[in-house]
Amino acid sequence: MRVLDALITGLAQGAMIALIALGYTMVYGVLKLINFAHSEIFMMSAFIGLFLITMLGGTEHPLLAGVGGTLMAMVAAALIGMLVERIAYRPLRNRGKSSLVRVTPLVTALGMSVLLQNLAQLMFTARNRSYPQLLTGSLSLGPLSVGTSRVVILLTAVVVMVVLELIVKRTWFGKAMRALSANEEAARLMGINTSRVISATFALGSSLAALGSVLFCLDQSPVHPSLGLVVGTRAFVAAVLGGIGSITGAMLGGLLIGVLGELLKLTSFSGGTDIPAFLVLIVVLLVRPAGLLGSARAEKV
Amino acid sequence: MSAPVEAKDVAALGATMRTKHPTRPDPSVAMGEPLLQVRDLRVAYGGIKALKGIDLEVRRGEVVALIGANGAGKTTTLKSIARLLPVASGTITFAGKNLATMTPEALVGAGVSLAPEGRAIFPNLTVLENLELGAYLHRDATAMRETIEDVTRLFPRLGERMKQEGGTLSGGEQQMLAIGRALMARPTMLLLDEPSLGIAPKLVQQIFAAIRAIAAAGVTILVVEQNTKVALSASHRGYVLRTGEIALSGNAKELLQNPEIQKAYLGG
Ligand SMILES: Nc1ncnc2c1ncn2[C@@H]1O[C@H](COP(=O)(O)OP(=O)(O)OP(=O)(O)O)[C@@H](O)[C@H]1O
Ligand SMILES: [Mg+2]
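Going down the list, the sequences are from chains A and B.
If you're matching positions, the first sequence starts at 1 in our numbering and goes up one per residue.
If you're matching positions, the second sequence starts at 1 in our numbering and goes up one per residue.
No lab work stands behind these hints: they were computed from the structure.
Hints may be right or wrong, so weigh each one.
[Unchecked claim] Straight-line Cα separation of at most 30 Å, DSSO-like style, residue types lysine-lysine; simulated pairs: (1) A:Lys169 - B:Lys97; (2) B:Lys20 - B:Lys79; (3) A:Lys32 - B:Lys79; (4) B:Lys49 - B:Lys20.
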């Protein structure tokens, strides 16, 4: 029973991690860049979500506050994501390929991450803030009693991933995004405005991270400026584990990391979940350097 | 198996192809009038001069071959026209418009499509998705359906492989896909970079038969090739590029008979 319980909690955790991992993987797909600022966008959305939910009445109007606050936080995150891309990454891109040494954007990404984290400390101070308990109680599934928040997280994540899969597979934006990931020059020859697709990718990835962050905080409560570091690292590991650039890979990686973390809590191991996660990552990368579902082919282009 | 396109079918095939763009008006250039004009084009990679001032012209309705050995500057010429390379000096005009100030993504909209060297298809997208992306700008459902039909008639092998990932196609099939994808945009002019590259002779014949059919349908074509004989046989006129300069130009039939060309490129 404890194993089953841990499994469900782990899946919920993992779904949330996957939502963040998707942002890393999609941006990597179109830009071949690890957007280190992504975890900070996640953290900032947690604060924004908290303020919006409180503003909308918090526990007094749980449905309005929960749904409205989450959606508005997603929009805010999308705007922040596009802004980060616009001011930090696009100027580097426009300088042309020749001067675009691979390290420059990476350093910029790290710098952006530090900047956002410090900004959050300034604006929100370093203390913990608690989310209102909107999702209390539990549902009984047969002999099992599962927290409502876990069920909501899991269901939301499943719906979002299905929708995302449809966007990526069926829409013009999704096809343009995949074309751009595969071959930028050929994508431009199709008439695809790559800057606009990149911008939209940041918006989509950031809004998914915001969804993940609000769900996470509704489940686990405290928000603080180093949240991005803690959870973001796990999401990054998930993205690389699944195969960076692969959307299904990010989902799988997230779920694996989540379940692994919860199962570990059942053992006497007490070193936190990050060390085992990294160990799994190293082992997987030794066997499959491109990650579980990553294609070596996408790298070649 | 699909039968190769017979020469007698070419004109008939071309006559059934639908090439009118759903929204863009036809350029006001009459058949036989200059459509693409390149004047004194100079391009350099760092200090290396790849093009040392070339002039070339393609008239509406023509098939023009640009031939030359490895490193002569053929791809550089096409990439400059397609705006993928910065032009050091010179002018490129298409239907009276200055291409030099355009972005590559605007070029398709203007009516020029490039099937690049090495095909550059999207490997993890299906054949159908690759074709659809060719129509990214106009997205006209009828035009898409019609061109997919036309492409399937030109290249029956593609029709059998619509759901297959592009990366799993053979080299020849990928070339067919690259040409088909370029056609999906309903271009006024098609730029083809070495469609015979790394492809078995029999398939090369098929691909060039398709190129003739596309030309018969009224699409203007500039084709870059090392395979001089095949390219000139399918063209009205030709230019010979030698280390960044136009060494020879003229009527394709005459070029084929030219002793200098026979010696240098036709092994006789
Ligand atoms: N990116 C580049 N950087 C530096 N030099 C280049 C670059 N691309 C091409 N060149 C040089 O420019 C010259 C012309 O190259 P280009 O690719 O246009 O030749 P090509 O005629 O298409 O040859 P091929 O038949 O082998 O495709 C060559 O000397 C080549 O080495
Ligand atoms: Mg070439």
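Does the structure keep Lys32 of chain A and Lys79 of chain B at a Cα separation of 30 Å or less?
holds (23 Å)
Pair hint outcome, Lys169 of chain A versus Lys97 of chain B [Cα-Cα no greater than 30 Å]
violated (36 Å)
Would the hint linking Lys49 of chain B and Lys20 of chain B be met if the CA-CA limit is 30 Å?
The given pair, whose Cα atoms are some 39 Å apart, is violated under the 30 Å limit.
Take a quick look at whether Lys20 of chain B and Lys79 of chain B sit within 30 Å of each other, Cα to Cα.
holds (25 Å)
Checked against the numbered hints above, the structure violates hints 1, 4; every other hint is satisfied.
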